[in-house]
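K.L.:
Place chain B on chain A using the hints.
Number of protein chains: 2
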Amino acid sequence: MNRPEDGERRASRRGFLTGAAGLAAVAGVGVRAEAAAPNPQSTEPFWGLHQGGIVTPAQSHSYFAAFDLVETRREDVATLLRAWTAAAARMASGQTAQPLDSALKPAVASHAGDAQTKGGDAYATPDSSTMAADTGEALGLSPARLTLTFGFGAGLFSKDGKDRYGLASRRPAALVDLPKFVGDQLVDGHSGGDLSVQACADDPQVAFHALRQLARLADGVAQIRWVQSGFMPNFNGKETPRNLMGFRDGTNNPRIGDPQAMAKVVWVGEEGPDWMRGGSYLVARRIRIALEHWDRMQVAFQEQTVGRHKYSGAPIGKTKEFDALDLDTTDKDGNPVIAQNAHVRLAAAASNDGAQILRRPYSYNDGVDFTAERWPPWRQGQEYDAGLFFICYQRDPRTGFIKIFERMAKFDMMNQFVTHVGGGLFACPGGAAEGEFIGQRLFETV
Amino acid sequence: MNRPEDGERRASRRGFLTGAAGLAAVAGVGVRAEAAAPNPQSTEPFWGLHQGGIVTPAQSHSYFAAFDLVETRREDVATLLRAWTAAAARMASGQTAQPLDSALKPAVASHAGDAQTKGGDAYATPDSSTMAADTGEALGLSPARLTLTFGFGAGLFSKDGKDRYGLASRRPAALVDLPKFVGDQLVDGHSGGDLSVQACADDPQVAFHALRQLARLADGVAQIRWVQSGFMPNFNGKETPRNLMGFRDGTNNPRIGDPQAMAKVVWVGEEGPDWMRGGSYLVARRIRIALEHWDRMQVAFQEQTVGRHKYSGAPIGKTKEFDALDLDTTDKDGNPVIAQNAHVRLAAAASNDGAQILRRPYSYNDGVDFTAERWPPWRQGQEYDAGLFFICYQRDPRTGFIKIFERMAKFDMMNQFVTHVGGGLFACPGGAAEGEFIGQRLFETV
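Line order of the protein sequences matches chains A and B. This note's numbering numbers the first residue of the first sequence as 1 and each following residue consecutively. This note's numbering numbers the first residue of the second sequence as 1 and each following residue consecutively.
Just so you know, the hints here were simulated from the structure itself, not pulled from any lab data. It should be emphasised that the depicted structure is a prediction, and the values quoted were computed from it without experimental measurement. There could be a bad hint or two in this list.
[Said to hold, decoys possible] When the alpha-carbon atoms are kept at most 20 angstroms apart in a straight line, the in silico EDC-like pairs for lysine to aspartate or glutamate are as follows:
1) 105(A) with 292(B)
2) 264(A) with 353(A)
3) 238(B) with 202(A)
4) 238(A) with 202(B)
5) 320(B) with 101(A)
6) 105(B) with 292(A)
7) 403(B) with 271(B)
8) 318(A) with 331(A)
9) 159(A) with 177(A)
10) 320(A) with 101(B)
Chain A on its own, in the form it takes in the complex (with noise of 0.2 angstroms):
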């Protein structure tokens, strides 16, 4: 709205423009060259031995896409994720994912021509080289600390029982079909998928922008088969935040600060094939949360249905947040305080065998939907179509997720208020070392 006093100077220091800093760019001269030293405040690393978006401390946004393959060569899918990396990382230091004075370089550049040839004249499809190398709507805006985490579904290794890249041996042990739950009600266009990725960063317009270079470079090879956007408040990164429901969600979390939780909770060690080894199993579910039906609850009510109190965060019957969970306590008439079907009971990793899983939620809201009760009042209308988009990372799902979600799908007594419609899980491999691409090792070792 306002008057920019500085913008060409910003766009110009982020070596977006031509000019020497472009050229730079196109010459392969290393991403640092080409822009001033990044806010640290702003950035998060790409490269290293773990992708980012896992242990990263949440960022205000997400938009996950997964994506189905369309190719059939492998080493068409090598070379996406060829692309796909390198356009990452660059994006992460806050580039395009292209030099912006070059055009779209699809990570398969022949099926443009198909499409080409397939059109002639009687469709001007544009060439992709006359394409630009990024859609622009995130030039000035800051990196945003974003970053893409990758992931492979079942569906890389093989699919309706074809293995269409000769990987059908690699696929991990772990990467399991997940069971169908007690009330999962998943449907096609919210599950499932060949490819996952998810972009965080703590500006939507980053986020987005990111996803998008990645779908127009996937031109040919990969399609986008679902998305789902995410949102977390602005809380301030000290306090666990709140979700949709009004409670502190994270409470009882692995602390991703401390590097031996996460080797024990999230990182795939020996156990691993090689080129899992530092990945993580992500499971997502795209949880509908009833919000109209919880709205009309009693506080008290929905306190013994989570067993926290609301507004402390505390396990009921305690004060503060972070006081013990105890699930042994009992009332004066020997009842549990902390109720048999209360959802951190379920949740709990004493409550599983030790079990635990490292939660990186987003709250999701997606408009409204029309609804009628069949049964009196006789509601109807439009329904919050929001919820939960549960994501979760653990170096095993069948220890993890799996685990402790059997149970809580037949007893948690929040199941009234939520509903699983989607999700999927993905084996995301370690992170890759510069020059290295995401995945890697299982493709150069089959």
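P.N.:
Structure of chain B alone, referenced to chain A:
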């Protein structure tokens, strides 16, 4: 994720919990009395000559809802507006919608009783007297510059030929039925409504929280008809933000810091009914952008379409964003440098007998939908349901949006890429002084 050090202190500071601060709220002590001085960076005034959210510097997130009135008594509508005003003022200052240690008080309490009676024992409809006054997910968050902007649709004055509230004669001449523009593809599920509320805040959770509380207060009087989320990039408040087309959007907007310009373009003056003085007319358009199609165009073609250079934002042929838009310049062959059908030419005041509007748009990103093209190369797959939630304000839509858009709808080169799929026109009354409610003069002068 991390353990809060000061969670309890912060919540208490803002008077959400019981105790002295909460009791002060119950006792009706002024809102400032129960909280420490708010950060002036993070609150926008609620009371005043004008409603907030119109000439307020754009916040990063928006949640817009249109409501249908379902109640037939005028006094109930007035009561709803009184309750909405009180809750909005509280929330804008960072408080809960109603004191947290009280039960929910819907605007028209009798309705909760009605539902209870109808439901009886067969359906355990909770009594509103036991519902929490606030759903809680904004506890501990900053007010985040929350504004709530209320508007009246034509349906408040008459609907299906009925003068439901005895207000038909008060309908302002400027509150016309929007014409059907060339290319309009409006769908009911995103259009119209008797009342509108837009929540804008620098935190998506704060914006949605506010709307959700207002919807709860409206129980039995009004229900949600459609909603739309929106976002802006973190553009530092100085630069003109880019929309999802990658172009700067708003360069030629009248300046919100210029009261004379606002008086001329935005605020209803003596020509309007008294309750609209200091108010403005809101036109909303949900504009879906065919991003995949746009992204295949050369940048030079995109620039011809818009009439500006993509990266600098300068008019075609100029170098700086705020260089004058010179529509008369021709090239050496005598052709206009800015094409006859370029977006900026058709939108310019000079092309519309001086007509101007204040644009206050947000981008939206509602996931993906399946599509299949019926021509070569027969593309199919998911396409983005994303674009621009265009909102503009003006003192009279007949000489504002309608005047400008009638020609744009026919001739704008950008129409190849954008489709208007929803929206509405709402009369936003002047602001309220403390103790009044929004729209009071309309209801009291009948």
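K.L.:
If a hint holds in the structure, say so; if it doesn't, say that too.
P.N.:
Do the hints match the structure? See the list:
1. 105(A) with 292(B): 16 angstroms, holds
2. 264(A) with 353(A): 14 angstroms, holds
3. 238(B) with 202(A): The given pair, whose Cα atoms are some 18 angstroms apart, holds under the 20 angstroms limit.
4. 238(A) with 202(B): 18 angstroms, holds
5. 320(B) with 101(A): 19 angstroms, holds
6. 105(B) with 292(A): 16 angstroms, holds
7. 403(B) with 271(B): Distance of about 18 angstroms is within 20 angstroms: holds.
8. 318(A) with 331(A): 13 angstroms, holds
9. 159(A) with 177(A): 12 angstroms, holds
10. 320(A) with 101(B): 19 angstroms, holds
Every hint from the earlier list agrees with this structure, and none is contradicted.
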